[in-house]
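Now for the letters of each chain:
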Amino acid sequence: MTAPAPVRPAVRERWLARRRWARAAWLYAFMLVMSFFFLGPFVTGLLSSLKDNPNEYPPTLNIPQLTPAVIGHAWALGVQGSGDGWQGGLHPGRTVTFEVQVQSPPGAPQDPPAVTLFPYQPVSLVAVARQAQARDYATLDTREVARSGDTRTYRVTVRSPLLTRQTGETVRATLTEPDADLRARLGNGQTVPVRLDTPQAQERQYELNAGQTVELTRGPAGYTLRGPVFERTPLQVDVQRGQSIVGSTLPPSDRQDFGRSFAFRNVTPGVLGYTFNNYRRAFRETADPASGRSLFFSWVLNSFLYAFLRVAAAVVFCSLAGYALARMTFPGRNLIFLVAVLFVQMVPSQVNLVSNYVLLKDLGLLNLWGLWLNGLVAAGGVFLMKQFFEGMPRELEESAAIDGAGPLTTFFRVMLPQAGPALIALSITQFQGAWNDFFWPLVILRDNASFTLTVGLSNFRELYGGQGDYGLILAGAVLSAIPVIVLFVVFQRYFVDTGADSAVKG
Amino acid sequence: MNAPRRTLLGLTLAACAALGSAHAQTTIKINGYGGTDPAVVGDLINRFVKPALAKDRITVVYEPLQGDYNKSLTTLLAAGNAGDVFYLPAETLDGFVATGKVLPLNGLVNTSPFIKSLNAAFTRGGRLYGVAKDFNTLTLVYNRSLFDEAGVKYPDGTDTWATLQTKLTTLKQKLGPDYAGICLQPNWDRFGAFAFATGWTQFDSKGRTNLADPRFAEVFNFYTGLARNKVGVQPSEVSEGWTGGCLKTGKVAVGIEGNWVVNFLRDNAPNLKFGTALMPKNTKTGQRGNFLYTVGWAINSGTKNRAASLKVLNILTSPQVQQYVLEQGLAIPSRTALTSNAYFRKTDPGAQNSRLVFDGADDGNVRAFTFGPQGADWSKPINEALAAVLSGQKSAADALKKAQADMNTFQKR
Chain H
1 MTAPAPVRPA VRERWLARRR WARAAWLYAF MLVMSFFFLG PFVTGLLSSL KDNPNEYPPT
61 LNIPQLTPAV IGHAWALGVQ GSGDGWQGGL HPGRTVTFEV QVQSPPGAPQ DPPAVTLFPY
121 QPVSLVAVAR QAQARDYATL DTREVARSGD TRTYRVTVRS PLLTRQTGET VRATLTEPDA
181 DLRARLGNGQ TVPVRLDTPQ AQERQYELNA GQTVELTRGP AGYTLRGPVF ERTPLQVDVQ
241 RGQSIVGSTL PPSDRQDFGR SFAFRNVTPG VLGYTFNNYR RAFRETADPA SGRSLFFSWV
301 LNSFLYAFLR VAAAVVFCSL AGYALARMTF PGRNLIFLVA VLFVQMVPSQ VNLVSNYVLL
361 KDLGLLNLWG LWLNGLVAAG GVFLMKQFFE GMPRELEESA AIDGAGPLTT FFRVMLPQAG
421 PALIALSITQ FQGAWNDFFW PLVILRDNAS FTLTVGLSNF RELYGGQGDY GLILAGAVLS
481 AIPVIVLFVV FQRYFVDTGA DSAVKG
Chain A
1 MNAPRRTLLG LTLAACAALG SAHAQTTIKI NGYGGTDPAV VGDLINRFVK PALAKDRITV
61 VYEPLQGDYN KSLTTLLAAG NAGDVFYLPA ETLDGFVATG KVLPLNGLVN TSPFIKSLNA
121 AFTRGGRLYG VAKDFNTLTL VYNRSLFDEA GVKYPDGTDT WATLQTKLTT LKQKLGPDYA
181 GICLQPNWDR FGAFAFATGW TQFDSKGRTN LADPRFAEVF NFYTGLARNK VGVQPSEVSE
241 GWTGGCLKTG KVAVGIEGNW VVNFLRDNAP NLKFGTALMP KNTKTGQRGN FLYTVGWAIN
301 SGTKNRAASL KVLNILTSPQ VQQYVLEQGL AIPSRTALTS NAYFRKTDPG AQNSRLVFDG
361 ADDGNVRAFT FGPQGADWSK PINEALAAVL SGQKSAADAL KKAQADMNTF QKR
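Going down the list, the protein sequences come from chains H and A.
The opening residue of the first sequence carries number 1 in full-length UniProt numbering; numbering runs sequentially from there.
The opening residue of the second sequence carries number 1 in full-length UniProt numbering; numbering runs sequentially from there.
Only true hints are included.
Below 27 Å or equal to it, Euclidean Cα-Cα: the simulated DSS-like pairs (lysine-lysine) are:
(1) A/K304 <-> A/K55
(2) A/K304 <-> H/K361
(3) H/K361 <-> A/K101
Treat the hints as calculated values from the structure; they're not laboratory data.
Given the sequences, and given the hints that come with them, work out the whole structure.
What follows is the structure, encoded as structure tokens:
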């Protein structure tokens with residue numbers, strides 16, 4: 001055996017440093033690949049939910065909704081249309097200008113583009129009453145403002161008319177079910193009669209549906225109609241063969257006819273209406289016709305309530321039952337453990353479907369509370385707590401007994417305070433389980449407003465024979481994933497360290 | 001009136017109302033689809049049903065079944081708590097009829113005002129199990145810009161399979177590799193309409209399906225032959241899930257779709273210029289083929305309120321309701337009398353599509369969309385054969401041979 005050639009310390013040092021760097025690089029590469037696989041779907045969903053066409057293929061990362069300059073234009077157009085750069089919209093009496101550049105090479109038609117407003121109100125989960133459309137009210141004016149080479153810039157001016165002559169304070173209101181007069185509900189809940197003081201306004205009396213947002217003017221003559229508030233200003237620009245559209249203030253949401261027809265679903269979007277359009281739609285377009293409240297919002301609240309109830313019940317019942325099974329001696333203990341904890345876990349929940357459903361129906365509990373009752377005590381949770389308590393030193397209870405503590409005192413004063421990690425693990429899994437629960441809520445919940453988020457989201461899929469509105473679905477899915485992600489990020493320490501370790505000990 | 005007296009009056013009124021309702025209030029529960037249907041049916045109930053039935057002390061509630069409607073309805077019927085009135089899809093009619101939970105409506109409902117083929121779709125063994133709520137048929141929906149650009153005439157009612165194929169092939173040649181002539185779903189639910197045009201029938205007198213029939217080979221070769229030279233593409237080839245998606249991209253000239261595509265295009269491709277034509281005629285028989293997709297109103301045979309349920313059913317299929325539904329652009333009505341409705345004479349592309357969908361119901365060999373008594377798996381051998389040939393994995397002859405073998409195995413189950 002020959003001795004290894006002597007290596008100079010400096011060389012060895014460098015070699016070691018290289019190895020260290022290589023190892024770190026491998027580790028980081030591995031972590032990046034893993035996070036790509038785990039976070040990839042979420043990030044893709046998040047990005048796609050912002051796009052006009054979420055199915056875009058091949059998907060690009062050049063998303064106008066995330067481009068600062070375009071967001072700036074969306075803000076400015078929102079301010080022009082409504083004075084609100086976030087929400088946008090077109091309000092009565094406002095003027096919006098939008099620019100389009102059209103290239104007309106020599107020999108091609110030199111005409112200005114045909115610009116029109118078109119009605120646009122996507123069908124969503126709840127078919128809300130037809131909203132007033134900017135096309136039926138606003139006027140358009142297109143004129144050439146600049147020319148460089150064969151490219152002309154046209155400025156389109158959208159004017160939303162004022163329907164009242166009265167001056168005074170402008171208030172926002174919602175039209176109610178019409179009777180002989182038009183009536184509107186103000187922000188403070190008060191319902192007031194609405195007067196139509198111009199012929200232009202009187203023409204519109206029977207066109208406006210209940211639920212339409214309007215602006216009123218309060219003055220000496222009472223409340224008069226200023227005009228409807230349009231959520232969108234959909235604009236379409238068509239050029240002739242030979243011409244091409246080379247630029248516009250906002251990028252188009254739809255291109256057809258070999259790039260000669262651009263549709264802008266909303267030229268007064270504001271930032272929320274542009275970048276977060278699908279998220280806003282998820283809340284706005286699910287308004288319950290009966291109450292006017294956003295169903296999506298109700299679903300989120302229901303999901304939180306259900307998850308909270310499940311966690312609370314699990315913490316109370318599972319720790320009590322787990323402790324009793326771990327440390328108390330009573331006849332039939334093993335039988336209870338075998339049947340009520342182990343066997344119950346082996347039976348898939350689908351088996352109980354009919355029996356539990358009929359039982360809950362007879363109890364009149366086909367609602368959130370029935371759902372709660374159905375999953376009140378989690379057998380898995382009892383098992384987890386039992387194993388945890390079994391792993392605790394008996395000396396703790398013995399010293400408590402010497403000090404004169406009874407079983408309840410021992411449990412609440414000595415054992416439960418020690419059970420923090422297990423309780424946190426239990427809470428996290430229960431919260432996640434309840435939040436993502438789909439099967440039972442789908443079976444039990446019947447009324448639109450009482451759905452949990454999972455069941456509600458499945459509704460977005462049902463348009464057009466299963467061909468859903470993917471923008472809405474993705475927006476809803478991203479929103480529904482956020483609480484669980486937050487939970488994981490905040491509590492991951494407990495997941496990895498204490499919770500799992502102490503849970504499986506024993 | 002001072003406050004306490006007003007309260008007293010209010011209490012008395014409330015008590016009267018409570019007594020009254022306790023007296024003989026009947027509640028009719030309706031089960032139907034989720035999605036947008038709760039709002040639509042809720043609107044119909046509020047506008048038409050409630051005012052008409054208020055004096056009879058009948059209230060009506062709509063309970064949507066989310067997710068897979070057929071599965072949910074089966075569960076509810078088995079558990080005995082399905083609605084008094086429910087949607088009955090024609091394609092799964094046989095399975096529900098077999099349970100005996102659907103009330104035959106012969107002699108209870110006057111069916112003469114409804115389109116005959118629709119009544120036939122809900123009739124089994126001479127018994128009528130549902131009244132068509134609305135319906136759809138298939139049409140050729142085409143992108144006008146692509147035909148204009150290629151200088152090819154739009155498809156129209158005189159087209160045969162051969163002339164349509166020529167138009168599509170010319171269009172593809174003119175427009176090049178980025179565009180396609182027609183979107184072909186490898187699926188019975190589009191292909192079957194062409195099959196009917198040849199006179200081929202889904203089941204023979206013994207309930208068997210004969211895929212070795214030369215007429216079936218003819219339609220199979222035509223349908224898959226459209227894909228030659230990429231004149232026809234599958235939706236997946238343009239990264240879409242269905243024909244409507246194909247049209248939305250603006251790269252495919254023709255899609256075979258029903259009236260539902262109008263709303264889809266309005267929402268997802270608002271500036272697409274489209275037109276509609278009737279399905280093409282088979283070159284030999286000169287007949288069109290078409291599917292009737294329909295959902296009916298049916299009554300639970302176990303209902304305790306049969307008379308009230310019938311009243312509700314009659315209102316929901318009344319001329320006023322159907323006219324309202326039509327004019328709102330929600331669905332195509334099932335009453336023959338509405339063929340002269342002003343809505344059908346409108347010139348916008350959506351109304352034109354509605355008219356041709358309506359006309360398609362009694363033009364040529366029109367059959368209800370159904371999979372027969374064994375359920376949706378019936379179409380699997382056909383779908384697999386179509387997919388294999390359209391994607392170039394098999395020759396048409398091989399695929400047909402395998403489909404017939406699979407079909408025989410399936411029908412012997």
